[in-house]
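Line by line, the protein sequences are chains A and B.
Heads up: the first sequence runs through residues 19 to 445, numbered per this note's numbering.
Heads up: the second sequence runs through residues 137 to 421, numbered per this note's numbering.
Zero decoy hints are in this set.
Here are the simulated lysine-lysine pairs, DSS-like style, with alpha carbons at most 25 Å apart:
1. 255(B) / 183(A)
2. 171(B) / 255(B)
3. 176(A) / 189(B)
4. 397(A) / 226(A)
5. 358(A) / 326(A)
6. 295(A) / 255(B)
7. 406(A) / 326(A)
8. 171(B) / 115(A)
9. 189(B) / 183(A)
10. 326(A) / 386(A)
11. 295(A) / 328(A)
12. 115(A) / 255(B)
13. 222(A) / 252(A)
14. 411(B) / 115(A)
15. 259(A) / 115(A)
16. 189(B) / 255(B)
17. 290(A) / 259(A)
18. 120(A) / 171(B)
19. 411(B) / 120(A)
Label-pair restraints from in silico Cβ distances:
20. 399(A) / 296(B): 56 to 66 Å
21. 48(A) / 367(B): 21 to 31 Å
22. 258(A) / 170(B): 35 to 45 Å
Just so you know, the hints here were simulated from the structure itself, not pulled from any lab data.
All C-beta atoms, glycine included, are put in the ideal place defined by N, C-alpha and C.
As a plain string of letters, each chain reads:
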Amino acid sequence: MSEPVILVENLSKQYHIGGSQGKFTYGSLRDSLANAAKDSIHRLSRKTSATDSYKILNIWALKDVSFSVQRGETLGIIGRNGAGKSTLLKILSRITKPTEGKAIIRGRVGSLLEVGTGFHPELTGRENIYLNGSILGMQRREIEVKFDEIVSFSEIEKFLDTPVKYYSSGMYVRLAFAVAAHLEPEILLVDEVLAVGDMEFQKKCLGKMGEVADQGRTVLFVSHNMGVISLLCKTCFLLEKGMIEKEGLTSEVIAYYLGNDQKSEGEVDLTKRISSKRLMISSVTISDASGRNTSQIPINDGVRVIIKYKVFSNIWNPQIAFELWSAQGICILSTTDWDKNGPIEKEYLPGTYAYSCYVPPNYFRPGKYWLEVSSSIPKIEVLDIIPKTITFDVIDTGSLDAQLGHGRNGVISPILEWIRLGVDNSL
Amino acid sequence: MPAKTQVPKLPLETPEIVVTPSRGWRSLELSELWKYRELLYFLTWRDIRVRYKQTVLGAAWAILQPLLTMILFSVIFGYFAGLPSQGIPYPVFTYTALLPWGLFAYVLTQSSASLVSDKNLITKIYFPRLVIPLSSVTSGLFDFAIAFPLWLVMMLIYDIPLTWRLVTLPLFILFALVTAIAVGIWLSALNVQYRDVRYTLPFLTQFWMYATPIAYSSTIIPENWQWLYSLNPMVGVVEGFRWALLGTESPLGMPVLISAIVVIILLIGGVMYFKHMEDTFADVV
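Chain B with its partners taken away, still in its complex shape (with noise of 0.2 Å):
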């Protein structure tokens, strides 16, 4: 027989956890969510094992779905519709906001589903509920990263340059995954509550994608429309994308202002609200 392992040294002080009725709002208790980080990076890493087992294609898909759509676009928008691109090559153009799109929608749509289809968990194990729809946003950027190379080759075989102002990439992506995340934390914690918000999921997704300019230039809206166009956060993320790699010269400032100050507030209500309901999630999910 092996010799028995000794239990981990125990704190000295032994954590004492008061159980009470839920009343109205909640802290946020982000220090609790910090000792339950090696179970987001679990369940991170769960999803994305499993993503990569379980499909055909595996990490083929991460490069096809955005290959294709790109490829779609620039037939019929780009060729036979003719939508200027900001003198860059379309497809180029389009791809480099497909990356950011593809990242917001993946991370969104698993956020959304994720309460629900992890409810096994839920009901059966504590831990605070935040991690769930946070451990959609890693495996994401996995498939980001699958699907950033193949920008880098349009980039060469359409021989454009890139400029200095690639190194602020990572905070666009980190706009993008805040705002996925944003709307992904109202959504599963709604999802829970009423089961028929994963209905419309699909249609928003799309709704939202052609209220932000993927096919098109954000140009072609007028001056005075900008400013709600802006309330889209995508707006600013996609502007922001083209802007860092492609070195587009439309103002950046007034969008990606409004953009993220529309991302502050929907973020906060959304950690506030999800607090809120988190109380019920194993009693109703």
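Just chain A, with the same shape it has in the complex (with noise of 0.2 Å):
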């Protein structure tokens, strides 16, 4: 086999969160100056430094990642929120430097950690698609070249010269897209992106990803949408707690992903999680049918859901949603709290909120189910994202697979009403 192109050996980061003045979070000069003086005073009077007493948690985000990538393989990086995927792309595209370990990248590479990096509200999208190219690495004459291109895939022709404040949320991610999608790197390195934009043009998207993978490029792509990762990638790896946990051909990894979740009481609190975020999931619950918290659902027993959030800051009609997936990797269905009646107009104050969703029983079959919990401004804005949120099982107590003494095919197995409408015997 030739060179790789990407060689990772032995790749380490370390955040230091906390602390007055930790290295990596800025403070203030006067804080510094104030401790740099305490300091003093405390080594004259011989006692300990001052800035011992800050706590200073020190963070391995990632800790000795070590693969090779060869020329035109794509390849996928899966794991749960800060297990360090992102992390590990900043590294690669030389945004941050690794702690420990190396790197070595053969080729001119593009990255695309978010869609629209450097767009301003005020200029055009003519004006976008030049300083945006650029920003991402393009040469102007590159720029100038596939400008009617960029213009096309976008589908925003008529709204070229308008500033970009004027674009709907759509139309905005359309034209970032667009523009990324016309980078032509060696080596693509694509984070979270396909998460925004409407269904159609996520499908566009993706044909084109599929397209640059089939020319022969380098692809790193992380998402947490397993079904894209198996489209696009033949072989992928797990990161859990910045260690590779798995890696292999794609489907192996997924499934290892899903089968393999911690013990689940039906109860998963998310208020550990470090966010900025306006609004954070706090709490998914899983319940049977006594109300009982329970990651066992016995198959005739309906499921509850119960998703509750904190809002910190005002927002404009948030919708929750979750999508129920199967151990297999099957997306079964997914909901919001704006199915039945649609948005709720209003204003949402700061506040915990509580949302509960039921299933009723005999939905699924028999097997293991995962739910990925998710709040957005639907097309503008996700707000908090869970990959594989909860797992639950649903149990086979005597139900219909159980009398009938033989496997009922299918995803779904709900009790369907039959109705014998006459019989001739007549021949």
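Hints given; two lone chains; assemble the complex.
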């Protein structure tokens, strides 16, 4: 085999969280000067330094990660929030430095950690194409050549000379993605950028991404969307607490990821996450018919999902939603609190909100399921998303399956109504 | 379907990037900066476009600011206080100093805040971070170019002849820019680490303005204190402007030399500090 395009050896990254003057958090000059003064006073009186009393938490966002990628390979990276996926991409795109280890990258790198980086609301669509293109690393000549293609991809021809602050969020995302999709580096690093935009445009982007991979470019692709990962990547690896937990064929890694969850007691507390969001999902519980929190749901019991979230600043019309996935990586259903009555046209004030959703009995086949809970302002902003929030098992307790003695095929197993319309024995 | 546009030919030798932990002081990597000159161009262009789109007064602001200051200074310091102005009509005398001062103050303010205000770029994209404070230089020149013609008008009104020294003006403009950027680089990097730096900036600029011979002439400083006074590099800049534009006869050599040395030290130190801190910007900002 030829030389790998990306070679990563024992890459580690440490962050310091908390503390008054951790190297990786900004502070104020005033505090630093005050601490320095305190320090010298303490030193004079031979006491411990003042800064010792500040607790600084060291967290390894990435620990001893090694892998290599061959030319033309599309490698997926999956893992929970905070598993180190984004940190890894940031190091490879040279935005931040590793604490230990090294990475060798052979070729022109394009990184797409966000769509629309550097877009300026006051500038027109045309101006932003040039600005954003240049920020993403395109040469001016290159942008000129691709300009028409970008515009037609984005479908915003009519508004090309309108400042983007007047764009709808959909138009904004389309334009931003159109520029990014025309980036043609040898190595493309993509973070969770497809979580935005409407379905149709997402498909178009996926097509474009697939094209990129087919052209022999090397792509590193981070996503929590298992469907997209398995569509685009033959191989992938799973990051867990900054380390590579499993690598191999995408289908195997995904199965491992979904199957190997920590014991869930039907309740998950999400308040321990570090979040600066406007809305944070704080807990998700799953309970059976008796209202008891459990991760074991009898097949002929309904499932109640209770989602609690905190709003920190006023938000207009947030939507809460979940997707229900099977252990085989199939999305069984998605539902939102708007399903029945449409958007609740009102402003959510800061506070804690709780929602409950009930799924009737006999919906699912026995097996392992997991929920992905999210909140968003549809088509504008994902407020919070927790990949693989909570899992539960649907267990067979004398259901039809058991009674009939043979397996019922299918993804879902509702009990449907059958009526005998009549019999005619005359032949 | 239009024919697929071709990827611009990639150079035969593929660039190899080695990512390693940062260790100590870094080289300047000027070639890297040169590679990103187009980004510098686009960021400058963005600043200019946005500035003239966002403000109601737009380009007029670039003239109003020095004009109003000149009028105020002329009335208070020139007329009421009767400060000497080396035989030159006070309004032209002070306006000539306000030109480089405006350039300096604008570039200094912009570049100091630049890293923090462009943090969304820093945390999402790689490029040599020096591009960001540097991009404020050209937009400062833009304002300067708008304010400059008023000076010509004043020269005509007061009937002051232009001299050959005018051709040396670009040197002094450069001097002002380098001074601003030298300090701006320091402050921008410090501002990432210590967010209260920006609160000190308005005071710093104001303080600095009164330590610079704008409303008054540097000739009022006693001879034996001139060297100390010239440690402020803007003294050399402003004296240079007056020398080139008004033909003043105050001794230029010493203040300019001292100022230049101070600026060079500031610049080298600033760039070194910046490069040293650069690797942590994305984590801290």
